[in-house]
Amino acid sequence: MRAAEEAAFREFVAARSAALFRTAHLLTGDRHRAEDLVQNALLKTAARWRHIREPDAYVRRVMYREQVNVWRRRRILTEWSSAEVPDVSAADHSHDTDTRVVIRAAFDRLAPRQRAVLALRYFEDLPESRVADVLGVSIGTVRSTTHRALAKLRQIAPELELAGAEAGVGGVSR
Amino acid sequence: MTLERELRRALRDLADEAGEAGERPGPAAAVLADTALAGAARRRVRAASATSVALATVAVAVVVFAALPGRSAGPVAQPAASAGPSSALGVDAVADGPVALSAYTVSADTPSGRVAYVRTEGQREFVRTDWAAAAVSPAGRAIAFLGREDPGYLLNLRNPDRQTTHVNLPGPASAPQWSRDGRRVLVTVYAATGQGGHGARTGFAVVDAASGAVRAVDAAGEPAGLSAAEQEFRWAGDGVVATDASHDLRFYDLDGVPTRAIASSGGLATTAADPVSPSGRLAATDTEGRDTVVDLATGAVVTTLPAGLGPCYGWYDDQHLIVATTSAGGTRFAVTSLDGRPGRVLATAPADLAGRFLFSPNAT
Chain A
1 MRAAEEAAFR EFVAARSAAL FRTAHLLTGD RHRAEDLVQN ALLKTAARWR
51 HIREPDAYVR RVMYREQVNV WRRRRILTEW SSAEVPDVSA ADHSHDTDTR
101 VVIRAAFDRL APRQRAVLAL RYFEDLPESR VADVLGVSIG TVRSTTHRAL
151 AKLRQIAPEL ELAGAEAGVG GVSR
Chain B
1 MTLERELRRA LRDLADEAGE AGERPGPAAA VLADTALAGA ARRRVRAASA
51 TSVALATVAV AVVVFAALPG RSAGPVAQPA ASAGPSSALG VDAVADGPVA
101 LSAYTVSADT PSGRVAYVRT EGQREFVRTD WAAAAVSPAG RAIAFLGRED
151 PGYLLNLRNP DRQTTHVNLP GPASAPQWSR DGRRVLVTVY AATGQGGHGA
201 RTGFAVVDAA SGAVRAVDAA GEPAGLSAAE QEFRWAGDGV VATDASHDLR
251 FYDLDGVPTR AIASSGGLAT TAADPVSPSG RLAATDTEGR DTVVDLATGA
301 VVTTLPAGLG PCYGWYDDQH LIVATTSAGG TRFAVTSLDG RPGRVLATAP
351 ADLAGRFLFS PNAT
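Sequences listed follow chains A and B, in order.
Here the UniProt record's numbering is used: the first residue of the first sequence is 1, the next is one more, and so on.
Here the UniProt record's numbering is used: the first residue of the second sequence is 1, the next is one more, and so on.
For reference, chain B alone in the conformation it holds in the complex (with noise of 0.2 Å):
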């Protein structure tokens, strides 16, 4: 780890070389934002000439959008450029079963910087949303979204019968999560920043999806220096779990109150929306960048994925992960065996598609 301590140094004083010392470093503010504000004013004068194009784009996406599900609440009629063609999967890069790939998030140009696709059980086809985040319930048949932005005050939870309820939260909050029955959604949540992004993780909410009363707890558990998606809570049997900023897991009950903490060096698999195995015996975790499986009985790191495998997605039952492979054909998720055998492909993706994928079991 030597080379990347050093990297993460020399990077910081490279960066540093941009302003002498005590120096503003580049150029003064009042200046880049006059010089940004004229040059916008100068693009919405042109784009103002190309408007009876933008408008006859509008109208067909509008018809294509009219004919998905939950416009009201949901997709909202936007042209389908920005994410590119290449962001739908087709229906055959999807394979039904047990458990199947359910929402996706790839990058686009809307203030989160991404959309979800999501398909509810029984629909072939993925649907393209606004919305900057969302997670399909277990059953397969409700859906509970952030709207356009991540992180959002408003959790979003749409029934099996297209109504929306819209759930205020204690705070700026990501990714919501369903739990295993179906009946609760997680999100974490985090201080409130004046301009852009956010702050530290505060805690979490759970959300019940029948009432939608919110049960908001403070658990900031430290986590300082961690990045974005190593804040997130996720799902723990009864209670929830989270990496802390020495990458240790740390466990609560919905109280907030801790119950137990796993030393780990890498803390959860970050890709995985619910990196703990349906038992709850075991946790998928990374190690120096490398997929490992944690006992939480013990703690012990029971399986080390061979290096060209990953990252982990998931569980598919208590035996088997889902992991990705990327090659130069796409990325293909697998049923994953602990030992690191790739069986059984749940989905393929074009090898640059960015973002979360989301599997999660249909109802049987």
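Bound-form chain A, shown alone (with noise of 0.2 Å):
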């Protein structure tokens, strides 16, 4: 790589990597893990740099894609430790129950697909054409994968529509 695309790389790290790191958080849940997402990614960015013309949008692929080829093999194992979770919904029925915690567990109990359909669409806010072209899949992939997770999520955290209708807009996280 030559002294200038060196360079630019190095400011297109600087620039983008708090929000990189946001989003490989939101995706495993796990500083450590976040960070080798961000690191193997930039990692094969850096490698095919010249020929990259969006950088961010290349990037976010490389992760989207690798989080669910990692929970895919991973998939027998989170189905065990997820049948550990306690149950979240009916364990805490109180007013103080913080709308972070629940979704956090609920969101940990979905599997791969969903919860990176989830967050291209309710995170970075991509109509399902795009969601679909971040993880390979077909539109119709995006569209059951979304609609099969919502209603899972309803199932797991019922109080979460609940918390949003009671406490309206802005009212729910302390």
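This list has only true hints and no planted wrong ones.
Using 25 Å as the maximum straight-line C-alpha spacing, the simulated SDA-like pairs for lysine to any residue come out as follows:
{"no.": "1", "chain 1": "A", "residue 1": "K152", "chain 2": "B", "residue 2": "S327"}
{"no.": "2", "chain 1": "A", "residue 1": "K152", "chain 2": "B", "residue 2": "T325"}
{"no.": "3", "chain 1": "A", "residue 1": "K152", "chain 2": "B", "residue 2": "D16"}
{"no.": "4", "chain 1": "A", "residue 1": "K152", "chain 2": "B", "residue 2": "D13"}
{"no.": "5", "chain 1": "A", "residue 1": "K152", "chain 2": "B", "residue 2": "G308"}
{"no.": "6", "chain 1": "A", "residue 1": "K152", "chain 2": "B", "residue 2": "R9"}
{"no.": "7", "chain 1": "A", "residue 1": "K152", "chain 2": "B", "residue 2": "L3"}
{"no.": "8", "chain 1": "A", "residue 1": "K152", "chain 2": "A", "residue 2": "D30"}
{"no.": "9", "chain 1": "A", "residue 1": "K152", "chain 2": "B", "residue 2": "T287"}
For each label pair, taking beta carbons as the anchor points, the in silico distance ranges come out as:
{"no.": "10", "chain 1": "A", "residue 1": "A3", "chain 2": "B", "residue 2": "A213", "range": "35 to 45 Å"}
{"no.": "11", "chain 1": "B", "residue 1": "D34", "chain 2": "A", "residue 2": "E124", "range": "19 to 29 Å"}
{"no.": "12", "chain 1": "A", "residue 1": "A151", "chain 2": "B", "residue 2": "T164", "range": "48 to 58 Å"}
{"no.": "13", "chain 1": "B", "residue 1": "R341", "chain 2": "A", "residue 2": "R154", "range": "24 to 34 Å"}
{"no.": "14", "chain 1": "A", "residue 1": "H51", "chain 2": "B", "residue 2": "A245", "range": "28 to 38 Å"}
{"no.": "15", "chain 1": "B", "residue 1": "V345", "chain 2": "A", "residue 2": "A4", "range": "46 to 56 Å"}
{"no.": "16", "chain 1": "A", "residue 1": "H51", "chain 2": "B", "residue 2": "A263", "range": "41 to 51 Å"}
Here are a few chain B residues that face chain A, going by a calculated C-beta distance under 7 Å:
{"no.": "17", "residue": "A18"}
{"no.": "18", "residue": "A33"}
{"no.": "19", "residue": "T35"}
{"no.": "20", "residue": "A351"}
These are computed hints drawn from the structure, not numbers from a lab.
Built from N, CA and C at the ideal position, the CB exists for glycine as well.
Grab the two chains, each in its own frame, and use the hints to assemble them into the complex.
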């Protein structure tokens, strides 16, 4: 890599690493795994830097796909361990229930692709066509996955809807 | 919609856990960059030892692509491995008729993350290009395409004699779309950003296919909050239409003067390259994730497709949509009546083939 390209790459990392790390943290729920995910994606990006015109889109695509694949490999393990997660919705009915804790626990119980699709739809705010693009699946798959993921969230954490309805906009997170 | 709203906020909160208040999340950028650059350098050393194998692959690819049309301006030799064999739709997957599948894009390991496959009228098989986006003209003989980047600053127009004109655009632009008369191409223009991606749309440009003349129009239309595909301008009769930040439909003439607006909850169907029907009376729209049809005279939703159907890829004629249905066996693109009854299948694709699918009228 030439000095100018290397400088551009460093500039890109300086500008975007915090945002990438936020996404990675959302996807992994773990600081160390988030670091690994960002670092690996940046390595792949550096290796192809000369050919990449949209580095931010490229590195995100790598991160999301890698994460879905990691999850796919860990699927059996994940399903086993999620069976042991206490039923959050039943655990705490007090008004002090922290929405964030509920969502984190519920989000962690979703299947890999479900998590990725929800993150792309509701965190990155991408339309279905772009979600399909990032993950390399069809729009039909994105739709059915979103539908099933939301249904599962409603099932795992029914108070999410109640919390929103009672508290109104901006009243829940503390 | 309460769950969705809560989810948006909760996911932002979760992501914020990455860094405590005021702290920059994650490791220092310089460390990340150093590690990535060092790792990439090691990879290059390993890759060099495998060069002889790679050369053999390229040689094969050149032979294949040399036989394809328009090689000088179009498809560039490259190993086809990145998109995989399942990306090329076979001859049997596509039905010919008054309206047929003429181009589609799939994910690939390229700068834009996509490559386009096209077939012009009379061609039975799709050709893999290295273009990020392409559209075949309604008469079926000309192609408008971006280069390897999407958005790109250059619109390429290939006429039926396979001569290509390169047209400079006023800014990064995406998604070329032919007018129904095949004389003009519409692109959406965005604000340039320094690093990656593109900014909000700033307007659109209309390119005359015969002369290459560009008419650029500033019509930002307050697109804040819209995602990339929702930002695109589409043809609407003699003018254009775009979804605004509230998901309402806003119509403009070709000088960028607003002509009218129609309230909508989800905006134009992003999967349809031509969401407005041939007569200009109806538009395919999205309402809470369901496919709907809006009567442009009254603004009323006249049709909501059954939940299992969709998304919509445009119009077959004024009484029929082109609607996809995905099952384990694949995605079927069927001519579908406005009451949701699927008819003739125009194309089938593997269920996991992602990207845009463009249907265009053939010459009769």
